[in-house]
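Required output: the full structure, derived from the provided sequences and hints.
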Amino acid sequence: MRPLLELRNVTKCFGGLVAVNNVDLQIEPGRIASVIGPNGAGKTTIFNTITGIYRPDAGTIRFDGQNIAGKRPDQITAAGMCRTFQNIRLFHNMTVLENVLVGAHTQTPSTLWGAMLRTRSFQLAEERARQEAIRLLRYVGLPAGLGDQLAKNLPYGQQRRIEIARALAANPKLILLDEPTAGMNPQETEAAIRLFRRLRDELGVTVVLIEHDMKVVMGISEYVTVIDYGQKIAEGTTAEVRKNQRVIEAYLGRSATSAQGPVGEGS
Amino acid sequence: MSVARHSQLSPLQRLLQGTPGLWIVLAVAAGASYGFVQSPRSLPVRLLLIFSLLLIYFMPQKGWVKLLYGGGMLLIVLPYLGLFNPFLMELGFQIAAFATLAIGLNIVVGFAGLLDLGYVAFFAVGAYLWAFFGSQQLWHTDEAPGTFTIFATFPFPAWWFWIFLGVGVVGAAFTGVLLGFPVLRLRGDYLAIVTLGFGEVIRVMANNLDKPINLTNGPQGITPIQRPPIPSFFTSPEILEQLGQLAGRPVGLNDLYGFFFYFMAVAILVLAIFLALRLDNSKLGRAWTAIREDDVAAVAMGVPLRRTKLAAFAIGASFSGAMGVLYAANRTFVSPETFSLTVSISILVMVILGGLGSIAGVVLGAAIVTMLNIDILQTLSLQLSSLRQGSGTIPLLGIPWASLPTQLDPARYQRLFFGLLLIVMMIFRPEGIIPSQRRRLELHEEPAQEPPAAQIEGEIEPDHKLES
Ligand SMILES: Nc1ncnc2c1ncn2[C@@H]1O[C@H](COP(=O)(O)OP(=O)(O)OP(=O)(O)O)[C@@H](O)[C@H]1O
Ligand SMILES: [Mg+2]
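Residue numbers (the working numbering), protein chains in the order written: chain A, 1 to 267; chain B, 1 to 468.
None of these hints come from the bench; they were simulated from the model.
All values reported here derive from a predicted model rather than from experimental measurement.
Please note that a few of the clues may not be correct.
[Stated by the list, open to error] Residues on chain A that point at chain B, a partial pick, calculated with CB under 8 Å: (1) Gly30; (2) Gly80; (3) Phe91; (4) Glu98; (5) Val102; (6) His105; (7) Thr106; (8) Thr119; (9) Ile233; (10) Arg242; (11) Leu252.
All residues carry an ideal CB built from backbone N, CA and C; glycine is no exception.
Okay, structure coming up:
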């Protein structure tokens with residue numbers, strides 16, 4: 001099958017630091033894939049490069065048949081890819097509903113003139129976007145009636161859900177989740193895993209997640225890519241990666257200094 | 001915006017509820033009007049009039065009732081009172097004009113969060129557009145200022161004013177885009193400095209574009225600028241006669257223009273309010289708020305940063321373009337001085353004082369600052385100087401008024417008052433007098449919980465590309 005997302009020899013440097021070094025990555029459509037690696041390995045930088053926030057210094061990125069390397073983030077989002085952030089980046093002083101409506105920006109066909117004249121098509125588009133946003137909030141499991149709250153006033157776990165709803169509002173083919181369960185308690189994590197599965201199974205969205213929690217990674221990934229020092233050091237199914245000598249070293253090697261648990265320990 | 005409305009009423013508002021409230025407001029408005037007829041020059045009466053407008057805004061009544069009251073005041077009562085003292089129309093014109101500017105600036109600063117210190121430039125563009133084409137300047141482009149006698153005919157008939165209202169809108173919007181392009185990549189302080197420079201560039205251009213081609217007539221400014229024709233019905237002797245009888249004094253063409261410009265300014269203001277409210281509550285308005293909140297997240301959600309920022313600059317500018325045309329016609333004179341940095345700052349003060357992002361707030365801010373500027377301080381100065389003429393002494397101190405140095409003239413301390421006002425506001429009510437719903441929540445509610453410390457890391461500084 002043709003991959004939905006394909007990175008070839010992608011490199012991204014910050015000054016002298018090569019944060020992403022010649023990485024190849026292929027994501028098949030309909031997959032749930034994970035990107036793992038020790039702290040500072042370059043995982044988030046890969047996401048930022050894919051979504052256009054950073055421009056790759058070298059390499060090509062193909063998404064859904066087109067080359068997106070060098071395109072603007074909003075163009076890439078419009079092409080059908082959306083994301084969440086490691087450190088939640090909701091619009092804190094907008095309401096929950098407005099947050100999701102901003103996510104629907106590329107999907108809302110209203111014009112300046114429509115907004116000024118309140119044309120029928122404008123009102124229809126607004127109403128439809130609103131209904132869809134409410135539906136999405138319910139879909140990600142947010143209790144009803146929170147739509148009018150300011151995003152910043154909600155607890156952490158719910159903010160993570162809102163971020164997913166906001167990304168879904170862009171109607172993506174591919175959703176990139178950067179440590180979506182960080183800071184969640186075990187129950188919340190369980191629910192989050194179920195949600196990620198439903199995104200794929202029910203909505204047909206391809207899911208790529210960066211995770212530190214090995215229980216999550218091993219529990220739901222169908223394919224795992226391991227990054228260390230900006231390089232891809234292994235990839236394959238969870239079983240394959242778990243056995244990989246370099247992966248074990250990467251984690252154990254760091255564990256002396258950063259107390260990171262080894263792969264497969266599940267905690 | 002759909003933030004849940006706070007349903008608690010202030011004590012004042014509770015007083016203005018229901019039928020008694022309607023009568024109270026009516027009584028205040030009627031009292032102020034009666035006071036005005038009795039002593040048309042009294043400052044306290046003018047303040048009471050403004051206060052009654054505020055009451056109308058704040059009274060917890062049905063929308064159409066407030067509209068009826070407000071419309072009645074603005075369109076019937078105030079013009080009627082203007083017959084007794086034309087200054088009221090001038091004051092109304094200036095307040096409405098600056099309120100429109102403040103609403104335009106509010107789109108850029110309040111909605112989109114782009115600090116613009118050169119906003120007056122767009123006002124200048126509108127004003128100079130009509131100043132050039134609505135005067136005889138076109139005949140004198142090859143002559144140095146002051147060396148020519150003014151040619152008799154105007155190149156464009158006066159009714160072209162109406163067309164130039166539109167031209168002013170387009171011209172200012174275009175200038176807004178022009179400013180927008182180079183500052184797209186800038187944020188915060190850098191943006192403020194560049195826009196400040198831009199405002200100065202426009203003013204300096206107005207100052208110096210008297211050579212090689214004399215477009216602006218330099219520091220001397222352009223005059224006379226045509227006013228749009230008033231339908232002959234109003235200028236007929238019978239109508240003037242009747243108005244004169246109402247007013248108890250002869251009413252002439254200048255009075256009519258006073259009314260005309262007042263109504264025009266109010267009309268443009270109402271249109272600006274209307275559009276700003278609608279835009280705020282639309283996809284574009286949400287995109288503005290989103291880039292103000294977090295431009296990286298916004299662009300990652302598909303908001304095109306460049307277009308959204310340019311739209312803010314262009315739309316914000318267009319309001320002041322229209323007002324510039326009107327202002328040029330009203331003054332029949334423009335010169336670069338009118339468009340100095342202090343005016344940009346004044347407009348910003350209106351926005352911040354009233355409440356960043358709040359339409360009602362910035363209108364009130366414009367009213368307060370304009371009143372201070374052209375009415376309150378001037379009146380105090382006048383009274384002080386008349387005291388100084390007399391032989392009285394300052395109570396308690398026993399010093400004669402006459403020995404008071406002229407340096408203590410209140411009108412000289414305009415900037416000081418604004419400075420103090422802003423400091424006091426920032427300490428006690430940083431969200432402005434009538435804050436926007438959003439900002440009220442923003443400044444007076446703590447987040448439910450701090451994010452875990454681990455989440456602070458991984459801050460994104462986007463590539464320059466993001467903004468280009
Ligand atoms: N904008 C930037 N400027 C300079 N260096 C950066 C920038 N962003 C990331 N880096 C560096 O690039 C490296 C990779 O960072 P990145 O955030 O991608 O790691 P990560 O794998 O996501 O780590 P974590 O698991 O802690 O989130 C780190 O050394 C980081 O300090
Ligand atoms: Mg990261």
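To see whether the hints hold, each was checked on the structure:
{"no.": "1", "hint": "Gly30", "result": "violated, 23 Å"}
{"no.": "2", "hint": "Gly80", "result": "violated, 10 Å"}
{"no.": "3", "hint": "Phe91", "result": "holds, 4 Å"}
{"no.": "4", "hint": "Glu98", "result": "holds, 6 Å"}
{"no.": "5", "hint": "Val102", "result": "holds, 5 Å"}
{"no.": "6", "hint": "His105", "result": "holds, 5 Å"}
{"no.": "7", "hint": "Thr106", "result": "holds, 4 Å"}
{"no.": "8", "hint": "Thr119", "result": "violated, 11 Å"}
{"no.": "9", "hint": "Ile233", "result": "violated, 21 Å"}
{"no.": "10", "hint": "Arg242", "result": "violated, 25 Å"}
{"no.": "11", "hint": "Leu252", "result": "violated, 22 Å"}
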